[in-house]
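Colleague: Next come the chains, spelled out residue by residue.
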Amino acid sequence: MIEVQELRKVFGELVAVDGVSFTVQPGELFGLLGPNGAGKTTTIGCISGLLTPTAGRVRVMGHDVVRDGVAARRALGVVPQDIALYEDLSASENLQYWGGTQGMRGAELRARIGEVLELTGLQDRAKEAVKKYSGGMKRRLNLACGIIHRPRVLLLDEPTVGVDPQSRVRLLEMVRAEAQAGTCVLYTTHYMEEAETLCDRLAIVDHGKIIAQGTLAELRSMLGQRDLLRFTGRFQTEAVRRALGELEGIEVVQAEPDVLRLAAAEASRRLPAIFAALASAEAEVRETTLTQPSLESLFIKLTGKELRE
Amino acid sequence: MRFVLISALKDLRRLRRDPLAVGVWIGIPVIIGVMLTALFGSGPSPTPHGRLLVADEDQTAISNFLAGSFDRGPMAKMITVEQVERGEGRRRLDGGDGSALLIIPKGFAEAYLRNQPFELSLITNPSQQILPGIIEETLSIMVDLGFYVQALAGDQLRAFAGGQASLSDVALSGTIVTLRQRFNGLRRYVDPPVIKLKTTVVERKVVDSPSFAALFFPCLLFQALLFVTLGLSADVWKERRLGTLRRLVSTPSRLWGLLTGKLLSVGLVLGAVGVAGLVAGRLLAGLHASNPAAALAWFVASGAVFFLLMLQLQTAASNERAANLLTNLFVMPLMMLGGTFFPFEALPKHLAAIGRWTPNGWLLMEFKGILNGSVGAGRLAADFAIVTLAGAALLLIAARRVRMKFMV
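Chains as they are written, first to last, in our numbering: chain D, 1 to 309; chain W, 1 to 408.
If you're looking for bench data, these hints aren't it; they were derived computationally from the structure.
Remember, predicted model here, so these are calculated numbers, not experimental data.
Treat each hint with caution, since some may be false.
Unchecked claim - Derived lysine to aspartate or glutamate pairs resembling EDC-like cross-links, with alpha carbons at most 20 Å apart:
#, chain 1, residue 1, chain 2, residue 2
1, W, K405, D, D227
2, D, K131, W, D18
3, D, K132, W, D18
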């Protein structure tokens with residue numbers, strides 16, 4: 001299991017991770033969801049031993065990653081965000097090397113290489129140099145190198161970035177299979193759909209802090225089943241707030257001169273009243289978007305911005 | 001230890017996939033070697049050989065004897081005698097073809113037998129210095145010898161010359177008896193000689209002048225060593241770019257294992273280069289290695305130290321391009337000065353003196369010493385100890401720098 005307690009990592013004056021705590025159990029698929037620069041990769045770096053935490057404690061299968069790093073890393077499999085492979089070697093040779101770094105050898109290693117190649121669908125091109133592979137194939141091999149030694153804890157840092165839909169489906173299936181096999185999986189992403197379909201539990205991260213944590217159902221309940229309305233145009237923020245404040249059950253999530261976000265139950269039925277209020281506040285609406293309750297809308301509600309902004 | 005082997009195997013496999021790079025590292029010194037051998041030849045330096053043009057206008061037995069004296073014994077190894085006409089001989093000598101022209105005018109034998117003054121002409125080639133001198137000295141000795149023979153047995157020689165065909169057995173016997181009496185008469189002066197000549201034969205020190213190729217071969221091997229280590233040390237930047245160094249941190253394997261594996265692969269590559277080089281040197285340039293195993297081990301150890309030295313420079317640079325520039329700026333002057341491009345023997349003395357203190361200069365000097373057997377077992381052990389200590393220190397520094405700079 002992974003235990004992260006009050007983890008803090010500072011680079012100069014930049015606080016990349018600020019008091020992050022979570023626990024991931026064996027067989028659980030835990031997602032760290034947040035925009036780029038939120039601190040997800042830094043958190044993974046601290047768990048994998050690449051970075052030394054400024055404060056806090058990280059334990060992998062009971063081993064402190066700082067004091068007992070080698071033992072912790074024996075249990076770890078890491079799939080980095082950037083593909084980290086020897087491009088002039090073949091898939092088999094890469095797997096042989098990365099398996100070797102984990103102490104695997106001989107017949108066991110050879111058998112496992114065969115399994116993993118089949119799992120990733122790369123067996124037909126196993127002898128070919130990796131530099132000839134497509135981006136999706138490289139991503140699959142990148143994951144294969146992280147699971148070659150059957151790690152008890154698997155860290156995946158945005159493993160589907162820039163991957164074609166087919167490869168993405170395959171990758172997600174592989175991750176799910178690992179968790180079902182009892183591996184403790186920590187998965188970072190900024191793709192809401194991936195997090196929603198894949199993860200058992202989630203932590204939403206922004207500016208180095210966890211702003212919400214729980215199962216998908218728990219997180220959705222934080223929204224109160226309310227829809228999210230987004231207007232673009234020209235708004236006098238104070239006048240808009242006053243006008244909308246007179247309507248019952250409507251929460252102003254964000255009010256900017258060019259963007260307005262509202263949370264409301266059954267928003268589609270209340271649109272005429274909302275437009276009337278905006279008209280009374282002399283607002284000029286150019287575009288309206290209605291979003292059903294989702295992680296995206298929760299993120300917007302919690303941070304006041306979209307995940308990809 | 002197992003990871004060291006895995007790492008070395010991985011690097012060798014990667015190297016096998018990049019034959020062009022290996023070809024360039026090895027090919028440059030090979031091309032230079034081939035060019036130098038073509039220019040200066042691969043065999044040992046030949047003995048100087050001259051050509052004496054003889055215009056024998058007398059055409060007698062005595063004139064033939066004089067001209068032929070250059071064509072016999074040790075002189076024959078140095079000088080070839082060629083009979084020519086006077087005019088042709090002069091033309092050829094003026095054109096630089098020949099070491100000297102000896103003109104024996106008509107009437108030479110007659111004048112010699114009658115003990116009359118006579119003049120021989122020797123015209124020498126001013127563009128040659130040694131061989132015309134040898135010819136002149138030899139001719140001078142021959143003329144002196146002729147004078148003494150004339151003084152001792154002039155009458156008999158004249159008798160021979162005057163009636164060779166009609167000389168009876170009795171007359172011939174009488175002539176020989178007379179000659180014997182003359183020589184016996186000289187015995188009191190000669191035997192025992194009044195003046196004794198004590199000749200001390202100084203043992204000739206055989207100094208085989210090495211061929212140009214043999215002189216250059218160790219340098220070419222070290223050129224290959226520098227190119228190979230330069231190229232392989234740059235791999236640390238490639239590994240950084242690939243992200244494999246960072247990925248390694250998340251495994252239980254250690255960085256020193258990776259670097260030692262790289263060192264091992266460098267050693268194996270240089271071992272192969274060294275074996276090929278020594279064999280080629282032996283076959284093509286007559287390069288003699290008195291202790292080939294020690295020479296090979298020294299070559300590999302030198303390469304390992306140089307690889308680690310290059311690694312320091314690679315890690316000192318801020319980016320890959322700067323590292324490339326920095327290492328080249330380091331290697332090229334060292335190559336020129338350290339006896340690797342031009343042998344120390346071809347460098348001005350003051351530059352050679354500086355060059356011997358450069359890392360590659362010292363390593364090359366010892367390599368040559370091991371090849372020619374001038375480095376004894378004690379010095380060899382001390383040399384290996386120095387190289388091992390330097391290598392260990394450089395490995396520790398390199399591991400620290402790679403960890404600090406390339407793995408965070």
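Colleague: Indicate, hint by hint, whether the structure satisfies it.
Modeller: Cross-check of the supplied hints:
1. W:K405 / D:D227: 49 Å, violated
2. D:K131 / W:D18: Holds - the C-alpha atoms of D18 (chain W) and K131 (chain D) are around 13 Å apart, at most 20 Å.
3. D:K132 / W:D18: Holds, because 15 Å separates the two Cα atoms, which is no more than 20 Å.
Figure legend: structure checked against the earlier numbered hints; the only hint not met is number 1.
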